[in-house]
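Engineer: Letter by letter, the chains look like this.
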Amino acid sequence: MLIRALQDQGVNKIYGYPGGSVLHIYDALFQQQEIQHILVRHEQAATHMADAFARATGKAGVALVTSGPGATNAITGIATAYTDSIPMVVITGQVPSHLIGEDAFQETDMIGISRPVVKHSFSVKHPSEIPGIVKKAFHIAESGRPGPVVIDVPKDMTNPTDKFEYSFPKTVKMRSYNPVAKGHSGQIKKAFDLLVAAKRPVIYAGGGVIIGRACEELIEIAKTLNYPVTNTLMGLGGFPGTDRQSVGMLGMHGSYEANMTMHHSDLIFAVGVRFDDRVTNGLDKFCPTAKIIHIDIDPTSISKTVRADVPIVGPAKIVLQDFLKLIKGSKKQPDTQAIKTWWHQIDEWRARHGGRFLTDDSELMKPQQVIQMLSQVTNGDAYVCSDVGQHQMFAAQYYKFNKPNRWINSGGLGTMGFGFPAAMGVKLNFPDADVACVTGEGSIQMNIQELSTCSQYDIPVKIICLNNGSLGMVRQWQDMNYESRHSHSYMESLPDFVKLAEAYGHVGMKVDKFTDLEGAMTDAFAMKDKLVFMDITVDPFEHVYPMQIPRGSMRDMLLSKTERT
Amino acid sequence: MRHILSVLLENEPGALSRVVGLFSQRNFNIESLTVAATDDITLSRITITTTGTDKLVEQVTKQLNKLVDVVKVVDLTEGDHIERELMLIKYKAAGAQREEIKRTADIFRGQIIDITPSTYTVQLVGSSRKLDAFIEAMDTANLIEVVRTGVSGIARGDKVLSV
Numbered sequence: 001m002l003i004r005a006l007q008d009q010g011v012n013k014i015y016g017y018p019g020g021s022v023l024h025i026y027d028a029l030f031q032q033q034e035i036q037h038i039l040v041r042h043e044q045a046a047t048h049m050a051d052a053f054a055r056a057t058g059k060a061g062v063a064l065v066t067s068g069p070g071a072t073n074a075i076t077g078i079a080t081a082y083t084d085s086i087p088m089v090v091i092t093g094q095v096p097s098h099l100i101g102e103d104a105f106q107e108t109d110m111i112g113i114s115r116p117v118v119k120h121s122f123s124v125k126h127p128s129e130i131p132g133i134v135k136k137a138f139h140i141a142e143s144g145r146p147g148p149v150v151i152d153v154p155k156d157m158t159n160p161t162d163k164f165e166y167s168f169p170k171t172v173k174m175r176s177y178n179p180v181a182k183g184h185s186g187q188i189k190k191a192f193d194l195l196v197a198a199k200r201p202v203i204y205a206g207g208g209v210i211i212g213r214a215c216e217e218l219i220e221i222a223k224t225l226n227y228p229v230t231n232t233l234m235g236l237g238g239f240p241g242t243d244r245q246s247v248g249m250l251g252m253h254g255s256y257e258a259n260m261t262m263h264h265s266d267l268i269f270a271v272g273v274r275f276d277d278r279v280t281n282g283l284d285k286f287c288p289t290a291k292i293i294h295i296d297i298d299p300t301s302i303s304k305t306v307r308a309d310v311p312i313v314g315p316a317k318i319v320l321q322d323f324l325k326l327i328k329g330s331k332k333q334p335d336t337q338a339i340k341t342w343w344h345q346i347d348e349w350r351a352r353h354g355g356r357f358l359t360d361d362s363e364l365m366k367p368q369q370v371i372q373m374l375s376q377v378t379n380g381d382a383y384v385c386s387d388v389g390q391h392q393m394f395a396a397q398y399y400k401f402n403k404p405n406r407w408i409n410s411g412g413l414g415t416m417g418f419g420f421p422a423a424m425g426v427k428l429n430f431p432d433a434d435v436a437c438v439t440g441e442g443s444i445q446m447n448i449q450e451l452s453t454c455s456q457y458d459i460p461v462k463i464i465c466l467n468n469g470s471l472g473m474v475r476q477w478q479d480m481n482y483e484s485r486h487s488h489s490y491m492e493s494l495p496d497f498v499k500l501a502e503a504y505g506h507v508g509m510k511v512d513k514f515t516d517l518e519g520a521m522t523d524a525f526a527m528k529d530k531l532v533f534m535d536i537t538v539d540p541f542e543h544v545y546p547m548q549i550p551r552g553s554m555r556d557m558l559l560s561k562t563e564r565t
Numbered sequence: 566m567r568h569i570l571s572v573l574l575e576n577e578p579g580a581l582s583r584v585v586g587l588f589s590q591r592n593f594n595i596e597s598l599t600v601a602a603t604d605d606i607t608l609s610r611i612t613i614t615t616t617g618t619d620k621l622v623e624q625v626t627k628q629l630n631k632l633v634d635v636v637k638v639v640d641l642t643e644g645d646h647i648e649r650e651l652m653l654i655k656y657k658a659a660g661a662q663r664e665e666i667k668r669t670a671d672i673f674r675g676q677i678i679d680i681t682p683s684t685y686t687v688q689l690v691g692s693s694r695k696l697d698a699f700i701e702a703m704d705t706a707n708l709i710e711v712v713r714t715g716v717s718g719i720a721r722g723d724k725v726l727s728v
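For the protein sequence lines, the chains are A and B, in the order given. Residue numbers for the first sequence follow this note's numbering, beginning at 1 and rising by one. Residue numbers for the second sequence follow this note's numbering, beginning at 566 and rising by one.
Honestly, the hints are just simulated from the structure, not real lab data. Please note that a few of the clues may not be correct.
[What the hints assert, rightly or not] Per label pair, the in silico range of CB-to-CB distance:
hint, chain 1, residue 1, chain 2, residue 2, range
1, B, K724, A, K403, 49 to 59 angstroms
2, B, D604, A, A181, 26 to 36 angstroms
3, A, T171, B, V690, 51 to 61 angstroms
4, A, P431, B, A602, 30 to 40 angstroms
5, B, K724, A, K189, 42 to 52 angstroms
6, A, P116, B, G722, 35 to 45 angstroms
7, A, Q106, B, Q676, 47 to 57 angstroms
8, A, D193, B, V712, 53 to 63 angstroms
From the three backbone atoms N, C-alpha and C, an ideal C-beta is built for every residue, glycine too.
The whole structure should be built from the sequences, with the hints applied where relevant.
Structural biologist: So, in structure tokens, the structure goes:
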């Protein structure tokens, strides 16, 4: 009944790992063709694969795991999706209902454990409820502000000997759940007046623009008004990174020009963002001269940290369409002279510190160079699935994303081990696309067992491992705040990644010199049907800059080891 | 400032734990919480009292509304409202104290609902403040046990919280 409901929901791939409580479900899977099941090597990877599928397509991904340890292993993946508002449905097995509460073998209270990190959860009380619950779960996961939904299924609910009438509902109606369908027109008018009157405006666009499929509208607004656009870590690709109007990413490791533009602006047009602490820096010093228009589907995101002058609750796409109508239909137009002066200022900032990094005479490769090369070799068109740490920030800074849904990273939760299974999830669904996992020697080891899954299903992702022999971001903080006492940030006894990849039947490459990089990377991407693990030795002393100075304003940044604003 | 939030939610297993969990997860405090099914058995009604800045309570209200099981949330303290709490309070009662307890209970319009040769149990209904005042008015040396239900609240006049 569960599998049939998933079929009716249009699911064609699920990622999972079997176990006692889900054996009935796995037996049903075995007897059908419509849904392909991908057997992972650890449940966390299953959730990340489902998550990455959702990030790349906008549709909810599905993971299936057993009760107890299967379910708890899935928690990190669920929390990762929750923090980044990613639609996902996770089906967890549960011990038979008569054993619940008796500390049975492989029993955990999954509804309880997952509660703070799910959008909603369901526990199946009767088999006949399953189709309705599946329908509701997908509806909740994908609508409004998306998020993961857990369905906990006691084993007796899927017993094949119990037969019930099956009917899959066509629509969902819930009195307690009705996401906002459009923005308040009065507020939009008010915001429009502010928007066109601005002399130093900035568009601050986040993941909500991508999840809300509002990129086209955002680009049109930005182009029509000629306003600068900064993207959050989650919003990269929402506005073309190579466009003149893009000032890059903002925040802790944002570009100099983006943070300066934000700080000096008189109007922030915030779409699908949440004024996260990694963006705002010290709240009391945040953008002192700016009025704030904040558009978000989730009312709790508005005025949670930074007070909005004009809050607008609604789906980004619809709200931006309303703005476009006003922009096109109104006599009020932006002050082009003021905007010209503003651009002059922004270009000056850009010239002063536009994404530069210092190279030196040493043979050591800079991690930034590797990402630039990746961007060049893949024409900026690859799906880049990142792990967490310095390499993540370098990828965000130096890979120029021109399309949405191509930058896939654990932005909110910062889950190491995310990148590799994420890349697998994307590659399985976009077999012809270039899919790179940008990682480090620390992160990759958190889900390296999935090399085996890649062998089983022929998933030829490219692993770009920036190997600096240490937990780079931890080390950077220790350099800056702990007088370089590198407490446990050194990765001793690393494996030979080339041999490891080969042991699983993949291709391994080791690159130590920058002069070898282009050839090696081109070769790697030319091997369309091979997983290639590129173990690239990079400068272990490199730090990520710019870096905002804690508790300062947005413009307070360290620009290199010796310079600050 | 103290706020009284009335919440209508689906009367489903686990719904209450989502509400309570939200408060601890987001570092909001709960001073009291009452819950029971309404005339419509598919709906429960919760009354929560909490204190915090307006910004915090705005965030609490929004977060409650975001829970899928929550149908409606109202901050009763935004308008005229009635709040009541029930308290059962047990005293050592011997000799002259018996008369004293009876007299004070009468003044507060309480009732003595259980009597033994050595104890009185008083039932008192009113605002939380009134219950506090009663406790303060009595000699705490004789107090044995207090149980309070927490606040239930309803808006005055035509205002109604319903689906």
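Engineer: Failing hints, ascending?
Structural biologist: Hints 3, 4 and 5 not satisfied by this model.
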